[in-house]
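Protein chains: 2
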Amino acid sequence: MFKSAKKMLSLAAGVAIGLSAASSAWSASSLEEVMKERGLTQKDLLAAAKTYVPTGGRDEYIVFASGGQSGQVIVYGIPSMRILKYIAVFTPEPWQGYGFDEESKAVLAMGRIHGKDITFGDTHHPAFSEADGEYDGKYLFINDKANPRIAVIDLHDFETKQIVVNPIMKSEHGGAFVTPNTEYVIEAAQYATPHENIFVPLEEFNDKYRGAITYWKFDKKKGRIDESQSFSVELPPYSQDLSDAGKGPSYGWSFTNSFCSERYVGGIERGRPPFEAGCSSKDTDYLHVVNWKKGEELVKAGKAETVNGHKVISMKTAVANNMLYLVPEPKSPHGVDVSPDGKFMIVSGKLDSHAWVYSFDKIMKAAEAKKFEGKDPYGIPIIAMKDALHKQVNVGIGPLHTQYDKAGSCTVYTSIYVDSMVTKWDYCEGKVLDQMPVHYNIGHLMAMEGDSVSPDGKYLVALNKLAIDRFNPVGPLHPQNHQLIDISGKKMQLLYDMPLPLGEPHYAVAIRADKLKPGVRYKSGWNSRTDSRSPFKTRAGREKTVRTPGKVEVFGTLIRSHINPEIIEVTEGDEVIIHLTNLERAQDETHGFAMYGGNVNLSVEPGKTATAKFQADRAGVFPYYCTEFCSALHLEMQGYMLVQPKGYKAKEGGMVEGVKYTEADYNKQVKTNVDTQAVINSVVAFITSHNYKDFPTVVALVEDATDQLGFAEEAKKKSEAAAAKKDWQNAMLWANQWWQYQVKTADMGLRAKTFLEQNNAKKIK
Amino acid sequence: MFKSAKKMLSLAAGVAIGLSAASSAWSASSLEEVMKERGLTQKDLLAAAKTYVPTGGRDEYIVFASGGQSGQVIVYGIPSMRILKYIAVFTPEPWQGYGFDEESKAVLAMGRIHGKDITFGDTHHPAFSEADGEYDGKYLFINDKANPRIAVIDLHDFETKQIVVNPIMKSEHGGAFVTPNTEYVIEAAQYATPHENIFVPLEEFNDKYRGAITYWKFDKKKGRIDESQSFSVELPPYSQDLSDAGKGPSYGWSFTNSFCSERYVGGIERGRPPFEAGCSSKDTDYLHVVNWKKGEELVKAGKAETVNGHKVISMKTAVANNMLYLVPEPKSPHGVDVSPDGKFMIVSGKLDSHAWVYSFDKIMKAAEAKKFEGKDPYGIPIIAMKDALHKQVNVGIGPLHTQYDKAGSCTVYTSIYVDSMVTKWDYCEGKVLDQMPVHYNIGHLMAMEGDSVSPDGKYLVALNKLAIDRFNPVGPLHPQNHQLIDISGKKMQLLYDMPLPLGEPHYAVAIRADKLKPGVRYKSGWNSRTDSRSPFKTRAGREKTVRTPGKVEVFGTLIRSHINPEIIEVTEGDEVIIHLTNLERAQDETHGFAMYGGNVNLSVEPGKTATAKFQADRAGVFPYYCTEFCSALHLEMQGYMLVQPKGYKAKEGGMVEGVKYTEADYNKQVKTNVDTQAVINSVVAFITSHNYKDFPTVVALVEDATDQLGFAEEAKKKSEAAAAKKDWQNAMLWANQWWQYQVKTADMGLRAKTFLEQNNAKKIK
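Chains A and S supply the protein sequences, listed in that same order.
Going by this note's numbering, the letters in the first sequence line up with residues 1 to 765, in that order.
Going by this note's numbering, the letters in the second sequence line up with residues 1 to 765, in that order.
Since the hints were made in silico from the structure, they are not lab data.
In this text the structure is predicted, and so the values were computed from the model without any measurement.
Incorrect hints may appear among the rest.
Intra- or inter-copy, both count: the list cannot distinguish identical chains.
Claimed, not checked - In silico PhoX-like links for lysine-lysine, alpha-carbon gap of 25 Å or less:
1. K725 with K386
2. K386 with K221
3. K458 with K36
4. K282 with K717
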């Protein structure tokens with residue numbers, strides 16, 4: 001019934017021919033017809049042309065957006081606005097095995113709050129690591145507002161490596177921001193609480209509740225935050241908000257704004273006006289100006305206090321050492337954004353209609369001259385707004401966040417929350433240049449490399465908080481809407497509306513795509529979370545099951561398309577530990593591992609070693625299998641864990657075969673294999689007669705195909721050995737396994753051949 | 001310093017003017033320039049024009065894709081390929097509050113396996129509810145392969161309402177598939193196990209391990225599966241795989257294919273060839289042909305056995321009642337797809353190069369004539385392939401799944417796994433029409449309304465399992481790639497490559513967008529998971545905190561921008577239950593609720609009542625806040641839970657105010673409010689002087705603005721009452737709250753005004 005393998009595989013040639021024919025016969029319908037039918041304007045077509053990325057193409061910028069309450073980080077491309085990945089950070093996520101394998105559980109465990117596992121995060125502001133103020137593409141930091149924490153993501157593999165818990169805060173919002181050489185990751189408190197983990201009544205709010213900024217020391221060599229070298233600065237119980245680090249002339253300083261400097265405590269249930277009224281009654285709040293370089297010195301000099309085991313510089317010490325000043329700023333502001341040259345900071349209040357440009361030079365002059373308009377209730381000197389201000393510009397109602405156009409320009413863009421628009425203006429001259437509506441109620445906005453010392457301009461993304469009627473409806477919970485705006489011309493041009501399907505991004509950062517050099521595989525037997533060789537690494541042929549009383553430990557492997565071991569026998573009550581190493585070297589050949597009856601679920605990328613650990617608490621039969629569609633025989637990549645009742649004794653007698661194979665079956669299979677080999681040889685001849693070494697993709701495929709063919713050779717030997725003993729059962733089965741490897745070889749080979757044909761590879765003479 | 005509210009708000013007029021100017025000055029760069037710069041071909045531009053959806057536009061089809069190991073369902077639009085939502089199904093997801101609020105925890109609890117919470121799922125095949133074989137847009141079903149379960153999602157709100165656990169399976173893959181009137185949801189076992197929850201050694205595999213198909217009764221009125229009316233059919237220990245339900249002439253029957261009918265049990269660790277070899281040694285596996293209508297009768301007639309409390313029709317009974325047949329099919333097949341007219345089923349094997357078209361009529365004739373080629377080891381009659389086959393067509397290496405073109409046509413599309421292509425062919429005549437490469441290794445493919453009795457044709461989506469080099473790299477774990485193909489012409493045309501950022505979709509279904517009518521808000525005080533009024537519903541003004549020994553129960557509300565209550569006092573050790581009702585009626589005005597120190601995290605959409613429950617196990621200060629950016633005063637939507645130590649007695653003395661307000665402060669605020677009201681009045685005048693009632697979006701905005709203004713009136717009264725008593729503190733604070741509501745009113749009003757201007761509203765005379 002089945003055609004010979006030769007005929008079957010030779011179909012591939014026909015495919016290639018069919019393809020070329022199809023290509024030339026492409027444009028059945030004209031562009032005009034399509035535009036008419038779909039109701040597209042010329043403007044729409046231009047926007048489509050500016051954002052469409054053809055198959056295999058690359059995006060220019062990669063965005064890392066906070067995933068809001070999803071607790072994750074969202075990665076997408078510009079200009080295509082296609083989402084490439086959700087990186088699991090604070091929330092367990094099974095596709096990535098995050099929070100399921102023991103290795104990633106250890107990362108999540110770092111984020112425990114008073115011993116409790118936290119299974120979500122409220123991520124807000126991502127930040128790239130920097131070198132000389134430029135994004136270096138190595139690490140990403142992201143904060144959790146709900147339970148003050150900072151996570152470190154390695155951009156080599158897009159995995160979360162570390163979570164640190166703030167030792168003194170119970171709320172934060174203004175993280176993560178980095179200093180120009182990633183000396184520190186800045187995290188500012190939000191709702192004031194006692195720094196100690198104790199109850200203090202609200203009646204003592206002014207005296208005992210406190211804000212703070214934490215400077216987390218980052219060890220660039222290790223790629224980890226060093227908690228022992230980190231410190232905080234005590235601040236008044238104003239709700240600190242976002243920060244930015246100084247650069248150039250303002251290097252060594254950082255700026256943090258605040259709201260509710262009224263220190264109002266609500267209580268509707270007691271008949272008091274709500275927080276929102278009391279926290280926005282004054283016209284101004286305070287910009288905190290902090291010298292972190294001085295702070296670092298003070299800590300080294302032993303001038304810090306220790307709270308909850310963490311170094312804290314008191315307000316008194318900070319003031320005495322001239323490292324802390326306040327400057328009034330419009331009430332309820334959001335971003336504070338330092339200009340690329342480090343000379344200015346732009347702040348705006350969400351209940352105001354102006355953007356305020358502060359001059360770092362003026363602030364320093366006032367500070368040095370000790371020209372203050374007074375002190376706040378905690379003794380911190382206040383520099384008058386007029387002594388700090390460069391410009392004040394009417395930009396629209398509810399200005400929120402400002403991004404800078406390309407380096408050297410005076411152009412900035414401010415998101416306008418209440419008016420739902422973006423205002424383009426000149427911060428040197430102080431005049432509005434352009435305005436564009438967005439849908440709806442924009443929060444942050446983001447320019448390309450906008451937080452670095454050399455922003456690129458080009459594109460802007462409006463991070464809108466509502467979608468309302470922008471997309472097909474999906475129930476009461478709406479997506480958010482990121483709108484891509486072309487800022488390369490004089491007027492801003494809306495290019496694309498992008499729904500966010502999971503989480504509410506608060507802020508995002510975009511990096512030039514060519515700065516990212518992620519790997520596609522791990523060194524063999526790698527613990528990706530510690531970035532070191534796993535002690536549980538297992539090589540092919542070295543798989544084993546180790547039994548000790550009450551415990552079964554499996555050192556297994558995964559490769560197309562079997563799990564080794566395929567049967568795991570344990571006794572009811574045993575602790576079971578399964579370490580699996582993915583032996584593949586081929587790009588994208590991830591295997592998964594899931595088992596019935598519990599939460600056993602691993603994602604094992606090429607080279608990775610991952611561990612599942614659980615109690616076998618019930619006798620029974622527990623199938624397991626590979627969860628990633630990895631080859632044509634993927635569904636057959638399965639096994640059984642057998643949990644025997646205590647005291648179970650196996651009966652005599654081995655497996656009963658479902659089918660008995662004969663010498664004829666064996667011979668038939670061998671003939672198929674020989675035919676298949678001939679086809680493989682012809683594909684190999686095609687590839688090697690072309691300049692395939694000029695195509696890295698093909699080189700990788702050939703390497704993988706060669707590997708698979710090596711495995712075929714092993715199975716062939718086993719088959720022949722069984723045949724020599726007239727064990728037709730095993731001879732036939734191993735011959736079939738030999739063929740399986742041939743099919744996988746052919747899969748790779750055909751893909752390589754097609755690639756060469758599509759990419760006009762040259763024949764070698 | 002601040003300009004008057006009038007000047008501030010009047011900026012809005014300027015914005016509208018700026019906008020019109022920007023529109024006309026649009027095309028700075030020409031289409032040709034953009035194409036040249038971005039390296040786009042004419043073909044690329046055509047594809048861009050066919051997929052681009054301008055701002056506010058709608059997609060034609062909505063896709064529901066399984067989220068693979070993410071345990072979720074992915075919703076995206078065609079042709080834009082923008083992802084609209086991840087629906088939480090088997091995995092807790094904090095953005096949706098899923099697995100965090102008590103209401104959704106109850107749904108997840110239905111899915112417990114032997115009492116254990118399962119925090120992931122391996123979703124594979126979604127299916128829409130049907131009426132007369134047409135998608136009715138009401139419900140979606142999705143399965144979990146790892147722990148055999150089926151979930152029910154209501155398409156009215158895109159929320160998961162029910163999870164049922166299969167009572168006899170320990171593995172399944174072939175779910176969910178529905179019968180033409182959603183009488184049943186079909187779920188087929190995969191890896192055979194004993195039906196009972198006991199240990200049975202593998203040596204007894206042939207005798208004691210079993211497959212099965214479960215027919216879950218769906219109660220369309222209740223929108224829930226009725227477990228008591230559901231039943232299963234016992235099957236041999238072949239690995240059953242996908243199914244499809246008969247329709248038209250084949251109505252009442254269902255078809256399920258299988259692999260590993262060899263009944264091979266691997267064991268590499270014992271020196272045996274792996275499962276993949278033994279499970280693919282025979283040339284054929286079996287298509288199971290089952291009469292579920294007869295099964296239903298047998299169950300009603302008491303002919304079923306009871307296993308684990310569930311009705312199971314034994315193979316013996318099934319055979320005796322002529323409701324079960326086997327037909328050989330090519331080995332290791334994946335999909336079995338019934339033609340729209342119900343006359344044919346197409347099957348293909350992943351190690352073969354043919355698609356096989358079976359005739360239902362021929363199968364029935366053979367069955368009625370009792371023309372069998374034999375019986376399987378379990379006594380099930382086998383109908384010879386030649387007696388069942390209509391056509392056999394050479395389509396490419398590794399055919400996997402077939403979808404039908406529009407109703408009445410003979411055209412079908414088959415995904416070709418090993419060759420990484422799609423083959424278009426004619427199943428009436430049995431000839432290949434076109435072939436197109438895809439990247440890479442396609443699994444399922446999906447046509448518009450492709451599983452209904454009247455497929456639409458138009459588009460096809462290739463669900464590719466690997467992405468390799470298609471997108472910007474994001475580390476070892478790659479996205480998958482869904483490729484959109486235009487099938488409206490003679491030749492297939494590739495339109496778009498879409499990365500899948502989370503999870504590996506196995507199958508997807510697409511419905512005409514206009515068939516979905518989801519709501520945007522709940523009835524006030526709604527438990528969305530039970531679809532009934534919550535007993536914890538709280539109205540505005542009826543908020544309360546109920547204290548009983550060891551327990552504090554809060555009945556609170558959420559509205560822009562405060563949480564009521566703002567202070568919750570409890571004692572260390574108390575159980576705390578917080579019910580929150582979102583009082584908003586405005587579309588997209590979701591509020592969140594997160595609290596420090598644990599896993600308290602709710603998403604409360606307009607109208608919803610959600611509940612958080614936890615132990616206050618440590619004394620301390622626990623800030624809470626709204627997690628959705630809901631208004632300009634969002635950050636001020638906060639509160640404190642104070643956990644007092646046991647035996648704590650409050651000291652005398654009330655709150656110490658951070659700022660003292662005077663009569664002058666009050667008068668200044670009142671002046672601002674009066675000015676603001678004048679601006680609001682002018683906006684209202686603009687709106688009411690236009691035909692705003694013709695725009696539902698504006699009507700909703702006006703309704704919302706009117707609500708907010710009503711709240712402003714209440715705050716105004718409180719302010720005036722305090723002023724009458726010369727309580728300037730409260731007078732000023734309430735005056736500020738009055739202004740907050742005015743700002744929210746203005747926000748809505750301005751959005752409505754802009755909408756009218758952009759949509760050429762007419763002035764009423």
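Hint check:
In this assembly of identical chains, the alpha carbons of K725 and K386 never lie at most 25 Å apart, being 97 Å within a copy and 37 Å across copies at closest. When the C-alpha separation of K386 and K221 is checked against a cutoff of 25 Å, the pair qualifies neither within a copy, at 44 Å, nor between copies, at 68 Å. For a Cα distance limit of 25 Å, the shortest separation of K458 from K36 across copies, 17 Å, qualifies, whereas the shortest one inside one copy, 30 Å, does not. Taking CA atoms no more than 25 Å apart as the test, K282 paired with K717 passes between copies only; the shortest distance there is 21 Å, against 84 Å inside one copy.
In this structure, the hints that do not hold are numbers 1 and 2, in rising order.
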